[in-house]
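Protein chains: 6
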Amino acid sequence: MTSLSAANREALKKTSTATLTTVLFKRGLRNVFIQGIFLLNGNAPRMVGEAYTLRYIPAREDLDTLGAFEGRGHPQREAIEACPSGQVLVMDARRDASAATGGDILMARLHVRGVAGIVTDGGLRDSYTIDKMPWPAYCASRSAPLNLVRHHAVDSQLPIGCGGVPVYPGDIMVGDPEGVVVIPAKIANEVAEEAASQTIFEDWVEDQVKKGRGIFGLYPPNPETRAEFEAWKKKR
Amino acid sequence: MTSLSAANREALKKTSTATLTTVLFKRGLRNVFIQGIFLLNGNAPRMVGEAYTLRYIPAREDLDTLGAFEGRGHPQREAIEACPSGQVLVMDARRDASAATGGDILMARLHVRGVAGIVTDGGLRDSYTIDKMPWPAYCASRSAPLNLVRHHAVDSQLPIGCGGVPVYPGDIMVGDPEGVVVIPAKIANEVAEEAASQTIFEDWVEDQVKKGRGIFGLYPPNPETRAEFEAWKKKR
Amino acid sequence: MTSLSAANREALKKTSTATLTTVLFKRGLRNVFIQGIFLLNGNAPRMVGEAYTLRYIPAREDLDTLGAFEGRGHPQREAIEACPSGQVLVMDARRDASAATGGDILMARLHVRGVAGIVTDGGLRDSYTIDKMPWPAYCASRSAPLNLVRHHAVDSQLPIGCGGVPVYPGDIMVGDPEGVVVIPAKIANEVAEEAASQTIFEDWVEDQVKKGRGIFGLYPPNPETRAEFEAWKKKR
Amino acid sequence: MTSLSAANREALKKTSTATLTTVLFKRGLRNVFIQGIFLLNGNAPRMVGEAYTLRYIPAREDLDTLGAFEGRGHPQREAIEACPSGQVLVMDARRDASAATGGDILMARLHVRGVAGIVTDGGLRDSYTIDKMPWPAYCASRSAPLNLVRHHAVDSQLPIGCGGVPVYPGDIMVGDPEGVVVIPAKIANEVAEEAASQTIFEDWVEDQVKKGRGIFGLYPPNPETRAEFEAWKKKR
Amino acid sequence: MTSLSAANREALKKTSTATLTTVLFKRGLRNVFIQGIFLLNGNAPRMVGEAYTLRYIPAREDLDTLGAFEGRGHPQREAIEACPSGQVLVMDARRDASAATGGDILMARLHVRGVAGIVTDGGLRDSYTIDKMPWPAYCASRSAPLNLVRHHAVDSQLPIGCGGVPVYPGDIMVGDPEGVVVIPAKIANEVAEEAASQTIFEDWVEDQVKKGRGIFGLYPPNPETRAEFEAWKKKR
Amino acid sequence: MTSLSAANREALKKTSTATLTTVLFKRGLRNVFIQGIFLLNGNAPRMVGEAYTLRYIPAREDLDTLGAFEGRGHPQREAIEACPSGQVLVMDARRDASAATGGDILMARLHVRGVAGIVTDGGLRDSYTIDKMPWPAYCASRSAPLNLVRHHAVDSQLPIGCGGVPVYPGDIMVGDPEGVVVIPAKIANEVAEEAASQTIFEDWVEDQVKKGRGIFGLYPPNPETRAEFEAWKKKR
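Quick note, the sequences are listed as chains C, A, B, G, L and S, same order. Going letter by letter, the first sequence gives residues 24 to 259 in the working numbering. Going letter by letter, the second sequence gives residues 24 to 259 in the working numbering. Going letter by letter, the third sequence gives residues 24 to 259 in the working numbering. Going letter by letter, the fourth sequence gives residues 24 to 259 in the working numbering. Going letter by letter, the fifth sequence gives residues 24 to 259 in the working numbering. Going letter by letter, the sixth sequence gives residues 24 to 259 in the working numbering.
Do not rely on the hints blindly, as some may be mistaken.
It does not matter which identical chain is used: a pair holds within one copy or between any two.
[Said to hold, decoys possible] Under the rule of at most 27 angstroms between Cα atoms (straight-line distance), these lysine-lysine pairs were calculated in the DSS-like manner: (1) 233 with 36; (2) 155 with 234; (3) 155 with 233; (4) 49 with 209; (5) 256 with 37; (6) 155 with 37; (7) 155 with 36; (8) 49 with 37; (9) 209 with 234; (10) 155 with 209.
Rather than coming from a laboratory, the hints here were simulated on the basis of the structure.
The whole structure should be built from the sequences, with the hints applied where relevant.
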């Protein structure tokens with residue numbers, strides 16, 4: 024697995040998820056945007072980090088009692104302490120947000136530990152406290168019920184689905200206020216570079232449009248526009 | 024029916040719906056959080072009050088005309104004037120939010136009358152006016168169409184379903200910015216007391232976590248942590 | 024087609040979508056509020072304008088490549104440049120918001136061109152940039168994926184469905200922070216006038232309610248209330 | 024309430040639900056076909072009878088135990104014994120078919136008692152046994168779980184919603200292999216008569232079409248076709 | 024547009040929709056199977072024919088009255104008479120099956136006219152009569168309500184979506200008891216030929232499996248198996 | 024893990040899934056019936072066997088190509104050959120039935136190998152061929168598209184969710200024409216015994232009801248009825 028360079032990690036923090044979907048589409052990847060989730064704190068910093076996965080299956084009443092959390096060994100609590108700093112905890116809750124997959128205490132612990140963010144296709148509880156953390160938390164719903172009502176944490180660091188998208192451990196998760204894109208680990212560096220370049224172009228286009236220019240020949244650019252942009256880029 | 028003490032009513036205003044779901048789970052109640060609704064005014068005061076129920080069935084074109092509202096006797100208008108001060112008006116709209124179950128004029132009347140809040144699994148109209156009321160209104164959608172398009176108010180103070188949860192008249196409705204929990208009337212006092220106690224513990228835990236402590240042995244607490252907390256609680 | 028008078032266009036900017044649904048209900052129209060969309064920028068000005076329609080069908084991999092946008096002739100890009108100033112671009116995306124139907128560059132172009140707003144039952148991308156535009160954009164989801172992943176723009180200015188509501192080119196689209204109502208072109212003037220009148224009455228009612236008056240006989244008004252209101256209206 | 028004549032009761036057994044929706048549409052009623060249900064035994068006799076209603080709300084674990092069925096007083100068991108012969112038991116299960124609202128023993132009892140059929144927007148269990156009963160049972164799903172898992176029977180003979188349609192006690196329920204239509208009691212006789220007449224016409228039209236005649240001028244008929252049909256009707 | 028050869032038209036009648044999805048997948052087409060529909064008469068002959076499209080938008084009460092069907096000019100009735108013999112009538116009903124898009128009289132007319140079948144993502148009424156026609160009719164639901172309740176036929180022979188799949192006029196529609204696949208017109212002949220060839224192989228594989236052979240090296244075949252199959256094919 | 028006795032395995036073949044949900048409900052298990060699936064061949068023998076699990080995640084275009092099936096090592100193909108005779112292959116397809124999780128060749132192989140049945144919450148392809156196999160196959164839809172379009176088989180014999188229900192390897196899967204119940208392995212013998220006993224009682228009750236007896240005091244039985252039944256049971 025190629026690891027993401029520090030420069031590209033920073034570059035991805037300035038790239039939109041929209042631009043990333045285009046760059047990934049060029050490589051034949053159409054299903055990269057996690058569906059049905061939103062960012063709790065709209066002012067959180069951008070999220071970039073490797074996926075550390077946690078999988079839930081449906082709860083069973085005799086197994087999923089409050090006692091399940093006691094001692095070590097509960098996969099959710101283990102994942103909270105094991106997810107490395109700089110990575111993103113990604114939870115597969117089968118897109119069922121009728122109960123939580125975590126709350127403010129666990130989120131605070133992840134934040135303190137330097138984890139880059141959390142993405143779950145289930146709910147988060149104590150969400151209005153999490154709203155105030157300067158930290159990116161994505162979930163499918165504000166959902167008070169404890170996870171035991173619906174979810175059973177079962178294992179970590181296996182490939183999962185999250186919001187309809189495949190997530191393999193180590194994939195690069197990028198989040199902006201619109202949502203989260205998953206970049207396969209092996210192409211993360213090239214995608215980051217192309218996206219950074221595309222972002223400069225799109226910022227220039229937006230500027231042109233605000234000055235009154237029409238979109239034909241501009242977006243996408245014809246050869247003349249492409250040349251004009253390249254000239255501008257050299258000069259700046 | 025045991026009535027909720029004044030002290031416990033105040034205590035519940037400081038308790039989160041998340042904590043309440045845990046306390047109710049210990050008593051075998053798993054389905055207590057109303058699904059699919061949200062709070063219109065995020066800065067509204069906390070909501071605590073007895074459920075006063077109103078039931079809608081699907082509208083029928085020959086019965087649900089504008090004339091239906093005239094005079095006394097329309098169940099929705101009756102409920103607006105009948106719901107006692109301090110209680111919560113809870114509406115069963117069959118989780119259909121494609122039309123409203125009330126608007127700003129009716130909400131203003133409820134507010135003036137001292138009703139503690141409204142919860143509907145249908146829509147509310149004039150929602151951006153209601154957003155500005157210092158009063159908790161929970162609904163499933165901002166929905167402009169008048170109720171007659173879809174809903175027929177039929178009766179009051181019967182047991183209903185709201186957002187998938189059973190609500191009996193007199194049950195205690197507790198709302199925070201995350202949503203609304205329903206506490207069966209007969210256990211409301213004991214639940215309030217346990218939740219208040221649990222809240223003190225969880226606040227202490229969150230403080231510990233922010234100071235860098237790990238969650239194993241802390242949350243849930245092992246005997247040493249439990250002792251440490253009890254000592255802290257005595258001292259404060 | 025009767026065209027909307029300038030006075031009525033202004034009047035509709037002060038009318039709520041809730042009131043409009045009532046006025047249209049009196050004319051037998053029950054399905055006029057576009058379902059499942061929301062306003063990105065809650066502080067945008069009110070939206071009033073004729074519908075200019077664009078239709079999408081599902082994408083097909085061999086047709087919907089990045090090359091499709093090149094040159095003139097792509098229906099989405101054509102519509103962005105063709106929708107007249109003062110009109111509203113309305114998109115039928117089959118209520119599928121898993122991909123975008125436009126992004127910030129195209130929205131900026133519409134804004135610069137004087138288009139009155141956009142309504143789509145698909146997604147919009149770069150939504151947090153659009154959030155900051157002083158311009159009404161309604162969509163079903165913040166959705167980063169480019170439209171080619173799911174949508175194929177096929178034609179303009181045909182009757183469409185949008186959020187479950189029929190929209191004919193030239194119908195009057197009215198948007199407030201709650202959502203969007205569609206007024207058939209031929210009755211737009213009379214609806215605007217009746218709604219303006221109804222708004223004055225409802226504002227007066229709300230004022231009465233805030234002063235403590237009950238709703239029986241007031242809303243809807245009995246003959247005495249009606250007379251009282253008419254007297255008040257003359258005096259003001 | 025006008026009661027349905029014996030002749031019209033028989034006539035309705037020969038009328039399709041499709042034709043009935045057209046006759047009711049002429050009277051302004053658009054929402055009369057119960058959505059999301061199907062007939063278990065496709066060879067069951069046609070169903071015609073007055074609605075006898077039963078309402079479920081969501082279950083609550085402390086109330087909905089096996090003991091709830093003991094003795095008299097459980098509303099579901101009461102309804103099974105109380106629904107009059109010739110009437111139809113109609114259940115409002117909030118369109119939740121993840122659990123049953125009855126099984127083969129209760130259906131056998133209804134059948135023995137002469138009840139005309141059952142309609143539920145929840146599930147039925149032991150459905151493959153009910154398949155073999157010469158008796159019309161409509162449900163939303165084959166669903167093994169006992170009702171206590173999800174449903175709490177609460178009261179009878181109130182107006183309800185079933186499959187999105189309003190049902191008032193005494194309304195006439197008509198079922199064919201396509202589904203079930205609800206006819207408001209007060210217009211049942213006139214609807215039955217018009218539908219019988221319309222059925223004769225449509226059978227004649229179908230016969231004409233099978234002989235190769237085109238639909239223009241035939242369906243709907245122009246004056247010449249209407250005259251031709253009337254002449255044919257007199258002669259037969 | 025390459026037209027489908029008579030031989031390939033016959034070949035497609037012996038090909039399964041499952042095999043066709045594989046052949047189309049090899050060409051990069053993943054979304055070719057119409058979702059959410061079923062075949063009414065399970066014993067109907069296989070369906071193969073060019074798509075003749077009809078589009079519905081949501082109904083509007085003032086336009087969609089019974090009078091709409093009178094005279095010529097109603098797009099649904101026009102399409103019934105205009106769809107050429109040997110082609111398939113494909114309807115876009117926005118996947119809304121709460122009302123019908125046709126009934127037994129119209130289906131009988133299509134059958135008499137030699138139309139190859141019908142595919143709609145809305146409902147069909149009089150479905151139990153259509154069940155008995157020796158003719159393939161695919162729909163999303165048995166649905167008694169007349170189309171005017173929900174649907175407005177608007178135009179023909181434009182590209183549409185049906186069950187989430189793009190359908191262009193002239194595309195080849197192939198139906199078996201599992202459902203319907205859409206083959207883009209320009210590749211229909213090559214797809215038919217490859218599918219016929221693949222079918223021979225899969226039938227041979229199934230025979231091998233029934234004789235007890237394992238699937239490794241057989242399905243998909245390794246070089247030895249491929250050679251064995253080719254030898255068998257020559258000999259038969 | 025207690026293994027299921029041969030006698031209890033046979034007994035479960037005569038027990039309905041409805042009865043099993045009641046027996047499991049008495050042990051506090053409410054979520055045991057797999058939702059949203061149906062039996063393809065209604066005349067298949069009853070299914071009883073240990074769960075052998077296979078898990079799918081969403082497909083990714085660069086990984087899920089036709090080449091993926093080649094050689095050994097593809098988890099789906101491995102599972103087809105590895106699932107022991109007498110066990111049931113249970114697939115977690117995230118309740119997404121828009122593509123298949125298997126087809127007739129693989130089902131034939133399972134059947135030949137003596138596997139007791141298949142349960143998937145995704146689709147099955149070639150379903151009308153599987154309909155004719157004397158073997159129980161449960162799926163969520165007849166779905167022609169090959170699995171690669173949507174699903175990526177990832178691992179076997181881990182705990183999974185199927186149709187919303189937790190399934191652990193070795194749990195006992197019981198299927199009748201209504202659907203499938205999951206019995207936790209450790210209580211399978213006691214559940215089988217209680218269910219067999221309950222079945223005798225319910226058959227007797229049904230017989231009593233057919234003779235005209237009312238349900239009060241019979242179902243559930245009062246002490247007199249219980250005694251009467253016990254006497255009958257001894258005599259038979």
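Hints and how they fare:
1. 233 with 36: Both ways: residue 233 and residue 36 sit 25 angstroms apart in one copy and 26 angstroms across, limit 27 angstroms.
2. 155 with 234: Between copies, since 17 angstroms is at most 27 angstroms while 37 angstroms is not.
3. 155 with 233: Result: close only across copies, 14 angstroms inter versus 34 angstroms intra.
4. 49 with 209: both (15 angstroms within a copy, 24 angstroms between copies)
5. 256 with 37: Within. Shortest intra-copy distance 18 angstroms satisfies the 27 angstroms Cα cut-off; inter-copy 46 angstroms does not.
6. 155 with 37: Both ways: residue 155 and residue 37 sit 22 angstroms apart in one copy and 18 angstroms across, limit 27 angstroms.
7. 155 with 36: both (21 angstroms within a copy, 20 angstroms between copies)
8. 49 with 37: Within one copy, since 20 angstroms is at most 27 angstroms while 37 angstroms is not.
9. 209 with 234: neither (40 angstroms within a copy, 37 angstroms between copies)
10. 155 with 209: neither (35 angstroms within a copy, 35 angstroms between copies)
Of the hints listed earlier, those the structure fails to meet are numbers 9, 10, in rising order.
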